[in-house]
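So for the sequence shown, the working numbering puts the first residue at -6; every next one is plus one.
The set of hints was computed from the structure by calculation and includes no laboratory data.
All figures in this text were calculated on a predicted structure; none of them were measured in a lab.
Some clues are possibly wrong.
[What the hints assert, rightly or not] Computed beta-carbon distance windows for the label pairs: (1) Glu413 - Lys193: 41 to 49 Å; (2) Pro403 - Lys295: 56 to 64 Å; (3) Ile232 - Ile366: 45 to 53 Å; (4) Pro403 - Asp55: 19 to 27 Å; (5) Tyr237 - Lys16: 35 to 43 Å; (6) Gly190 - Glu92: 35 to 43 Å; (7) Pro82 - Asn407: 42 to 50 Å; (8) Lys16 - Arg230: 19 to 27 Å; (9) Lys362 - Asp55: 51 to 59 Å; (10) Lys362 - Thr137: 51 to 59 Å; (11) Lys193 - Glu80: 21 to 29 Å; (12) Glu421 - Ser112: 36 to 44 Å; (13) Ser67 - Lys100: 49 to 57 Å.
[What the hints assert, rightly or not] EDC-like mimics (lysine to aspartate or glutamate), calculated; alpha carbons at most 20 Å apart, straight line: (14) Lys111 - Asp122; (15) Lys53 - Glu63; (16) Lys327 - Glu413; (17) Lys324 - Glu92; (18) Lys27 - Glu161; (19) Lys315 - Asp382; (20) Lys52 - Asp90; (21) Lys357 - Glu429; (22) Lys409 - Asp55; (23) Lys16 - Glu429; (24) Lys362 - Glu114; (25) Lys52 - Glu413; (26) Lys111 - Glu101; (27) Lys369 - Asp402; (28) Lys409 - Asp428; (29) Lys(-5) - Asp90; (30) Lys406 - Asp266; (31) Lys27 - Glu121; (32) Lys424 - Glu63; (33) Lys328 - Glu92; (34) Lys265 - Glu114; (35) Lys360 - Glu121; (36) Lys116 - Glu101; (37) Lys139 - Glu161; (38) Lys285 - Glu198; (39) Lys16 - Glu404; (40) Lys295 - Glu114.
All residues carry an ideal CB built from backbone N, CA and C; glycine is no exception.
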Amino acid sequence: MKDNINVIGAGLAGCEAAYQIAKRGIKVNLFDMKPQKFSPAHKSSSLCELVCSNSFKAKKTDSASGLLKEELRSLDSLILKCADKSEVPAGGALAVDREKFSGLVTKEILNHPLINFKSEEIKDINCEDINIIATGPLTSDTLTNKISNLCGGLLSFFDAAAPIVTSESIDMNLAFFASRYNKGDSSSYLNCPLNEGTYKNFYNELVNAQRAPIHDFDVLNPKVYEGCMPVEVMASRGIDTLRYGPMKPVGLKDPKTDKYPYAVLQLRRENKDGTLYNMVGFQTNLKFQEQKRVFSTVPALKNLEIVRYGVMHRNTFINSPKLLLPSYQLKGNKKLLFAGQITGTEGYIESVSSGLTAGINASKIFKNKVPFIFPKETIIGSLANYVSDETIVNFQPMGANFGLLPSFDPEIKNKKLRHESFAKRSLEIIKNRKDEIN
């Protein structure tokens, strides 16, 4: 075996993975095609260029994003150290000076004696080596084809996502469990009925809602785009289009009225624990605030809490639940790991989380040790558990949220207290298991 590990992609996940490997005394080859070649979204020659927002989201641990950052800090995350050093005022969020942040990460990586940075476009993978692929949502076409081959074609070239909501925000007095014509497991589907008046109101709000712009490099092949049509585009074809499509009530009798509703917004269980639900057939390109406003007009969703908004853009990611272990290893080749948005972890800090985990486990593989599986009571572990959850049927990328964490028994009904308890439990677990992690 070679005396080094390869990390492909020098973004947030790749740089974190390389750092975690190097701090464990192992040599790393870190590859990135910049500055020789740039993706359509990247302009700077520095590493870890923040293309979209400069915000890493909430700081306090009473939010899932804040807790994730604290977990990463406790595990000596390079990205969090550089983010904290380049922070700019942003209220309750951790926002950074983009150039300073990128410069700090670049300096740390290039000056580390065990990290060998190579500006090179990788077009093939030597499966005999230990490799981490962290090339992000705009992976080059050549490497995308190679990854697709390695993954048996289980690769998406765009994000056609419907919103994912918390089960606790659904009014169960108004919704009912049922599968169409009682076929299959009825507990997997939750139906939100609409009468004629509420449906027409919902329809009018939907077709008149504001849509998000699509960047030039996000434009999809028209044939593919038709197959994952946004619900608002479908609705614009006529007022009854949805009632004969994703909102058809056929075979879904409401047990409370013993009648078929005028229309139904159907939710499908998103995870094994049933804490999250996916809006069936509701991929959308509405602005985020419009999604919450419009979908909250459905009576059973009046208190809607969205943990993952619907999106429509190019986003190369693998079908992780079919392919990955919670260690981020590929099931078919455990010397090959994935990290970052290509795994379906969505968001800056979420990418860092998967990079840290993949880096730790690549190091353990190198030393012939058993990979560490972060407990799903931590945000790091809950994200790894989500992307490797074989029960997920229509996989969509996911960001950090408390809906991914196992609930308490007995249930803590006070939301503030529940979130504080999540944070306390998580940080205690990481503190008590640091020797295993390292």
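To see whether the hints hold, each was checked on the structure:
1. Glu413 - Lys193: 41 to 49 Å: 43 Å, holds
2. Pro403 - Lys295: 56 to 64 Å: 27 Å, violated
3. Ile232 - Ile366: 45 to 53 Å: 50 Å, holds
4. Pro403 - Asp55: 19 to 27 Å: At roughly 21 Å between Cβ atoms, aspartate 55 and proline 403 fall inside 19 to 27 Å, so the hint holds.
5. Tyr237 - Lys16: 35 to 43 Å: Because 58 Å falls outside the window, the suggested range is violated.
6. Gly190 - Glu92: 35 to 43 Å: Given range 35 to 43 Å: violated, Cβ gap about 54 Å.
7. Pro82 - Asn407: 42 to 50 Å: Violated - the Cβ-Cβ distance for proline 82 and asparagine 407, about 31 Å, lies outside 42 to 50 Å.
8. Lys16 - Arg230: 19 to 27 Å: 56 Å, violated
9. Lys362 - Asp55: 51 to 59 Å: Between lysine 362 and aspartate 55, where Cβ atoms are some 35 Å apart, the hint is violated.
10. Lys362 - Thr137: 51 to 59 Å: 32 Å, violated
11. Lys193 - Glu80: 21 to 29 Å: 48 Å, violated
12. Glu421 - Ser112: 36 to 44 Å: 42 Å, holds
13. Ser67 - Lys100: 49 to 57 Å: This hint is violated: roughly 23 Å between Cβ atoms.
14. Lys111 - Asp122: Since the Cα atoms of lysine 111 and aspartate 122 sit roughly 17 Å apart, the hinted pair holds (cutoff 20 Å).
15. Lys53 - Glu63: With Cα atoms ~9 Å apart, lysine 53 and glutamate 63 stay inside 20 Å; holds.
16. Lys327 - Glu413: Between lysine 327 and glutamate 413 the Cα gap is close to 36 Å, so the pair fails against 20 Å, i.e. violated.
17. Lys324 - Glu92: 38 Å, violated
18. Lys27 - Glu161: Violated, at roughly 44 Å.
19. Lys315 - Asp382: 8 Å, holds
20. Lys52 - Asp90: Answer holds: lysine 52 to aspartate 90 is near 16 Å, not above 20 Å.
21. Lys357 - Glu429: 11 Å, holds
22. Lys409 - Asp55: It holds: about 7 Å lies between the C-alpha atoms, which stays within 20 Å.
23. Lys16 - Glu429: This hinted pair holds, its Cα atoms lying about 16 Å apart.
24. Lys362 - Glu114: 31 Å, violated
25. Lys52 - Glu413: 14 Å, holds
26. Lys111 - Glu101: Roughly 15 Å between the alpha carbons, so the hint for lysine 111 and glutamate 101 holds.
27. Lys369 - Asp402: 15 Å, holds
28. Lys409 - Asp428: Violated - the C-alpha atoms of aspartate 428 and lysine 409 are around 31 Å apart, more than 20 Å.
29. Lys(-5) - Asp90: 38 Å, violated
30. Lys406 - Asp266: 17 Å, holds
31. Lys27 - Glu121: Violated - the C-alpha atoms of glutamate 121 and lysine 27 are around 25 Å apart, more than 20 Å.
32. Lys424 - Glu63: Holds, at roughly 12 Å.
33. Lys328 - Glu92: Status violated; Cα separation ~34 Å.
34. Lys265 - Glu114: Between lysine 265 and glutamate 114 the Cα gap is close to 39 Å, so the pair fails against 20 Å, i.e. violated.
35. Lys360 - Glu121: 15 Å, holds
36. Lys116 - Glu101: 26 Å, violated
37. Lys139 - Glu161: 41 Å, violated
38. Lys285 - Glu198: 11 Å, holds
39. Lys16 - Glu404: Roughly 40 Å separates the two Cα atoms, so the pair is violated.
40. Lys295 - Glu114: Since the Cα atoms of lysine 295 and glutamate 114 sit roughly 49 Å apart, the hinted pair is violated (cutoff 20 Å).
Hints 2, 5, 6, 7, 8, 9, 10, 11, 13, 16, 17, 18, 24, 28, 29, 31, 33, 34, 36, 37, 39, 40, counting from the list given before, are not met by this structure.
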